[in-house]
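Residue numbers (the working numbering), protein chains in the order written: chain A, 1 to 258; chain B, 1 to 227; chain C, 1 to 67.
In short, the hints are calculated from the structure, not lab data. Please read these numbers as outputs of a predicted model, since none were measured by experiment. It cannot be assumed that every hint is accurate.
To be verified - Over the 10 Å line for every Cβ pair with chain C, so calculated as not near, a few chain B residues:
#  : residue
1  : Ala22
2  : Arg74
3  : Ala108
4  : Trp112
5  : Leu120
6  : Arg139
7  : Val155
8  : Met162
9  : Arg165
10 : Met191
11 : Leu199
To be verified - Cross-link-like lysine-lysine pairs, in silico, DSSO-like; alpha carbons within 30 Å at most:
#  : chain 1 : residue 1 : chain 2 : residue 2
12 : A       : Lys115    : A       : Lys48
13 : B       : Lys222    : B       : Lys72
14 : C       : Lys30     : C       : Lys40
15 : B       : Lys103    : C       : Lys47
16 : B       : Lys75     : C       : Lys30
17 : B       : Lys222    : B       : Lys75
18 : B       : Lys72     : A       : Lys113
19 : C       : Lys30     : B       : Lys222
20 : B       : Lys222    : B       : Lys71
21 : B       : Lys222    : C       : Lys47
22 : C       : Lys30     : C       : Lys47
23 : A       : Lys113    : B       : Lys71
24 : A       : Lys57     : A       : Lys115
25 : A       : Lys113    : A       : Lys57
26 : A       : Lys113    : A       : Lys48
27 : C       : Lys40     : B       : Lys75
Just so it is clear, CB atoms sit at the ideal spot from N, CA and C, and this is done for glycine as well.
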Amino acid sequence: MGTFGGPTTSSPEQKASRLSRSAEPTRTRSAPGGMSRYFQDVGAIIWKDVISELRTKEMLSSMVVFAVLVILIFNFALEVSGVAPDLIVPGVLWVAITFAGILGLNRSMASEKDKGCLEGLMLCPVDRSAIFLGKMLGNVIFMLIVEVVVVPVLSVLFNLPILMPWLILIVVLGTFGFATVGTLLSTVAVNTRTREVMLPVLLFPIIVPLIIASVKATRAIIIGQAWADILPWLQLLGAFDVIFLVVCLLVFQFVIQE
Amino acid sequence: MGEGSFRISRVLGWATLVFMVAGLYAAFIYAPREVTMGDVQRIFYFHLAAAWLMMLAFGVVFAGSILYLVKKDRKWDIIAAASAEIAVVFSFVVMTTGPIWAKSAWGAWWTWDPRLTSTLVLWIVFIGYLMLRGSITDRSRRASISSVYGIVGFVDVPIVFMSIRWWRTIHPQLFNGLDMQMAPPMILTLMVCLVAFSLLYVFFLLQRIRLETMRDEVELLKQDISY
Amino acid sequence: MEALTYLFAAYSIIFLIIFVYAYSIGSRQKALWRELQSLKDTIEEEKQTTTAQKTESPKSSFAEIEG
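For reference, chain A alone in the conformation it holds in the complex (with noise of 0.2 Å):
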């Protein structure tokens, strides 16, 4: 990500025209100097996307006060006021985590398909799997920035220290994954006739296993348990992480080709 050292104040128009000349002489990833050029595309990706988000903040600003909003009806619910915390802010937070990504993800993919944007990234000379990564760590970008602003949320509201180091690693594998599968499945649910409506019926079935173990996680570090009782749910993160990078590194040309 280091690889844009430019003004900062270029547009993302600017930063494009870059992407696209920085790209066309290697096609290939083999090609020697490959592998940074690769890196180079994906990162302009992502800061089109941060630049873009950065002018109007719209996406980010519904999707923190959607998660807000998730966390209140959630307290109301639940009646938490008589049952311990640990049992249900780990759930809780997981919820408004999903349910703000869906929010994002929706929003993300729509925009790019509206304006056109998807078939501009397939024209320039990149590497799909280029385009795949650039969103989706866009996304998970965008969901971090949420997350920092939920996390303490949480915290205050139900009285529970749950600021810790830790956590923030289950946090970001969490999203990893989540941003993963998501990015995949919200490109997939843009081609369909209900859209919107399409993203959660797919994605949440599959997510069912990074739920699982984020909230176990989540709650094995908030009342402090073992290590040995953590390490299972991380493993599992991880393994989860990487066997969907894979499947949808592979899978996304599919999905995108006209």
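Assemble chains B and C onto chain A, guided by the hints.
Okay, now just chains B and C, sitting in the frame of chain A:
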């Protein structure tokens, strides 16, 4: 569809019927009464056979999806689509007979047991698959996109199973369904049922493929007329 | 006795689902077959009308689009 394949499916239909009747006879009369669970255990033969059919059908969806993406031959997409529908129908069979058996043998309709829960998740994934197919109009786009979801959904199955097994270890294990002593007649009965359901699967698959090719033909003719 | 009720319920459900599914495939096939036949008929009619240079063919709805 030629005359030959019509004859094949007719023969297959009769063979399926014969094995089904044999399976019923074996399950109800030939197989001895299970000692601890009694007659309810007789659900097991058809339940397991349906579960086998379901796994076979999901496997075919996975294989068909990969083959479609590699070869781009519409045939594989039709096979995957046909198999997915059959798989969803038979997961429903599995998930209704399972709880009935569980209720009578252990007193609870549903437990969040790994096998049950992963079947439920798998079922929902492939209902999503069918919905996805239904909401894409363009034929080749529908084929490649649903192939992608078929692959992702199938890859998810072992991970779901593992995660739920670990998740369950914290709670008490209510029962372990397949830990029973199988007498030779019971094994034979099970074999007959497995053959019957395999034949049933092939029969349904051929009919369902026929349906899909007819639908293609209709679409083609409609295009001919409108031009 | 209660066990037998469960057994009976399970097997009736299995066969009910199998027969309903078989029926649904059968009826869908039948509907498509009918549609296929009517489409073929329409095409035949189209051919006849175009070769005979007839301008009106009241039975075919597609002839209106052509005209």
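Consistency of the hints with the structure:
1. Ala22: 15 Å, holds
2. Arg74: 17 Å, holds
3. Ala108: Given a closest Cβ separation of 13 Å, the condition holds.
4. Trp112: 21 Å, holds
5. Leu120: 17 Å, holds
6. Arg139: 16 Å, holds
7. Val155: Val155/B is indeed farther than 10 Å from all Cβ atoms of chain C, at 27 Å.
8. Met162: At roughly 29 Å from the nearest Cβ of chain C, Met162/B sits farther out than 10 Å, so the non-interface label holds.
9. Arg165: 26 Å, holds
10. Met191: 18 Å, holds
11. Leu199: Leu199/B clear of chain C: closest Cβ-Cβ about 12 Å, beyond 10 Å.
12. Lys115/A / Lys48/A: 14 Å, holds
13. Lys222/B / Lys72/B: 24 Å, holds
14. Lys30/C / Lys40/C: Since the Cα atoms of Lys30/C and Lys40/C sit roughly 15 Å apart, the hinted pair holds (cutoff 30 Å).
15. Lys103/B / Lys47/C: 64 Å, violated
16. Lys75/B / Lys30/C: 22 Å, holds
17. Lys222/B / Lys75/B: The given pair, whose Cα atoms are some 21 Å apart, holds under the 30 Å limit.
18. Lys72/B / Lys113/A: Given that 30 Å is the threshold and the Cα spacing comes to 25 Å, the pair holds.
19. Lys30/C / Lys222/B: Cα-Cα ~18 Å, so holds.
20. Lys222/B / Lys71/B: Answer holds: Lys222/B to Lys71/B is near 27 Å, not above 30 Å.
21. Lys222/B / Lys47/C: Satisfied, since the Cα-Cα distance of roughly 15 Å is no more than 30 Å.
22. Lys30/C / Lys47/C: 26 Å, holds
23. Lys113/A / Lys71/B: Holds: Lys113/A and Lys71/B sit about 28 Å apart, inside 30 Å.
24. Lys57/A / Lys115/A: Holds - the C-alpha atoms of Lys115/A and Lys57/A are around 17 Å apart, at most 30 Å.
25. Lys113/A / Lys57/A: 19 Å, holds
26. Lys113/A / Lys48/A: Given pair Lys113/A, Lys48/A holds - Cα atoms ~15 Å apart, limit 30 Å.
27. Lys40/C / Lys75/B: Judged against 30 Å, a Cα distance of about 24 Å means the pair holds.
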